[in-house]
Amino acid sequence: MIEVIDILGTIAFTISGVLVALHKRMDLFGIIIIGFVTAVGGGTIRDLLIGFTPVTWMQQPRIVYIVLLTSIFALIFRKRLDYLRTSLFLFDTIGIGLYTVIGLQKGIQAELHPVICIALGTITACFGGVLRDILCNEIPVIFRKEIYATACILGGLTYFVLYKLNLDESLLFLVSGIVVILVRLLAVKFKISLPKLYQE
Amino acid sequence: MIEVIDILGTIAFTISGVLVALHKRMDLFGIIIIGFVTAVGGGTIRDLLIGFTPVTWMQQPRIVYIVLLTSIFALIFRKRLDYLRTSLFLFDTIGIGLYTVIGLQKGIQAELHPVICIALGTITACFGGVLRDILCNEIPVIFRKEIYATACILGGLTYFVLYKLNLDESLLFLVSGIVVILVRLLAVKFKISLPKLYQE
Amino acid sequence: MIEVIDILGTIAFTISGVLVALHKRMDLFGIIIIGFVTAVGGGTIRDLLIGFTPVTWMQQPRIVYIVLLTSIFALIFRKRLDYLRTSLFLFDTIGIGLYTVIGLQKGIQAELHPVICIALGTITACFGGVLRDILCNEIPVIFRKEIYATACILGGLTYFVLYKLNLDESLLFLVSGIVVILVRLLAVKFKISLPKLYQE
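Residue numbers (this note's numbering), protein chains in the order written: chain A, 1 to 200; chain S, 1001 to 1200; chain F, 2001 to 2200.
What the hints contain is simulated information worked out from the structure, not anything from laboratory work. Just to be clear, a hint being listed does not mean it is correct.
Each pair of labels, with its calculated beta carbon distance range [unchecked claim]:
hint, chain 1, residue 1, chain 2, residue 2, range
1, F, Arg2025, S, Tyr1065, 34 to 42 Å
2, F, Glu2003, S, Ile1072, 52 to 60 Å
3, F, Lys2164, A, Phe190, 41 to 49 Å
4, S, Tyr1065, A, Ile2, 26 to 34 Å
5, F, Phe2190, S, Tyr1065, 33 to 41 Å
6, A, Arg85, F, Lys2191, 37 to 45 Å
7, S, Ile1072, A, Ile76, 24 to 32 Å
Cut-off 25 Å, straight-line C-alpha distance, at most; resulting in silico cross-link-like pairs (BS3-like, lysine-lysine) [stated by the list, open to error]:
hint, chain 1, residue 1, chain 2, residue 2
8, A, Lys79, F, Lys2145
9, S, Lys1024, A, Lys24
10, F, Lys2024, F, Lys2145
11, F, Lys2024, S, Lys1191
12, A, Lys191, S, Lys1145
13, A, Lys145, A, Lys189
14, S, Lys1024, S, Lys1145
15, F, Lys2191, F, Lys2145
Covered stretches of chain S, as calculated for chain F (at least 3 residues, CB under 8 Å) [unchecked claim]:
hint, segment
16, 1041–1053
17, 1141–1151
C-beta: ideal position from N, C-alpha, C; glycine also.
Okay, chain A solo, but in the shape it has when bound:
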């Protein structure tokens, strides 16, 4: 089950990278690299920061093939991806929930402070997109229009608040992931975003 979510999340992240790269008129190599970085970049930054090397994707070559196939699929059907918009959004959202939980877990395994674990969850879920935007020479969209970082942070907080109830750990992770997903769905539905702070 977790494997399936992981693969769906990877596919959704890859396609988001491919679309940005196409928009930037990159060639085939650039498009695949941007898809790859979007999919694995957050986990890679997390792994580097905690010293988990070789980083996860180097130990799971499967992910390279998933990104390759997804990129080619996205290129062939790029004019029809719009039909998949709702599915992709859902994959993306549950992917974010899963990635947040994986980041949390890694931080807890490394016995880091809760606030650092929450940061690791958020980095895992959000920083693939940050790297994608930097490589595409854009200010990371997540810094301008809050999309899901707050959802990741709330999911992480949920874990540590519930932790005191002595619940089973996998239940904690499940609930935290669901909080991420729900907050994001609600935020998108009701168009909630963080305040912009710049005033002319």
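Please arrange chains S and F on chain A, whose structure you already have, making use of the hints.
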């Protein structure tokens, strides 16, 4: 004493990040991340390059709170930060001196070559600002208008020149840090900067 | 022999960085840093991903001096570098061949999957240029106009295809490096590049 300087330096670096992020019309999440990256980015790159993981800030969650509080303070008083300009410049300058020395020390502990230790000191002091500018989609200001990299390099050279005099190590670090601070103060006072090399 | 190629490659990569930095009107510090990052950036990313720290250049301070001398040479003779264009292109090309092979080797030593080893070879050869372009606030040229990534990938494939023939390992590396060099020379000669995929 060193802790106080470290905190003042963190505050000054965070505020410099917040101001750039505000100027780029980021939202609250973006502003805090840019503040954080500016404050801890140099030390993080240093830690990654020498393989010191989990990186320093993950072992000092205190710094997360300092950055959060500073960012919120800076946002609330953003129209009055000008009154603090001189204090912030001083905090920033002594912060740079301290960060250079910390980087030097880490390199020496890892038994690296002097030229690499000097590079580590300079990276610690300067590359938070480089990351800030990359995330804000700007060419790093330090690559265009020399601000303080030369001061860091001279401070590092001082350490290794004086090393031969068999002085106490903490005295060496103190003198090196003071050289960084003095060179920067003098450079700003007399508007000294490196030559630009491009000619039409 | 390998040392000579390594030095020639470093020189060619540094000069490519210096030229881009000059074009961006950087000052002396910026120019040297961009030269340095172009020369060692690919190997540094590779080392970080596989957890080989302190990264290679920190253990070979020689490279710092080579980059410094090359940058100063390139600055002094910047108006006459055009005469060296053919030599620089050749140094660059054999440097890419060597870097690909070094990356392959490191992956094989770390017992990583072939597809990951090929990625490491390509990263070693190509990502110094990617970092250079990011620091100069450009979309990496290699993502828009395929220049040599395909050559690196083909060289890596060659290694693993020939591996089954039970040849001597150093012969395998030699042939793989030569494939990289030949593919690039032919691609440039016949102006072959990957298709652009964006259509209005």
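Report task. Compare the structure with the hints numbered earlier in the document and write down the numbers of the violated ones, lowest to highest. Result -> 3, 5, 7 and 12
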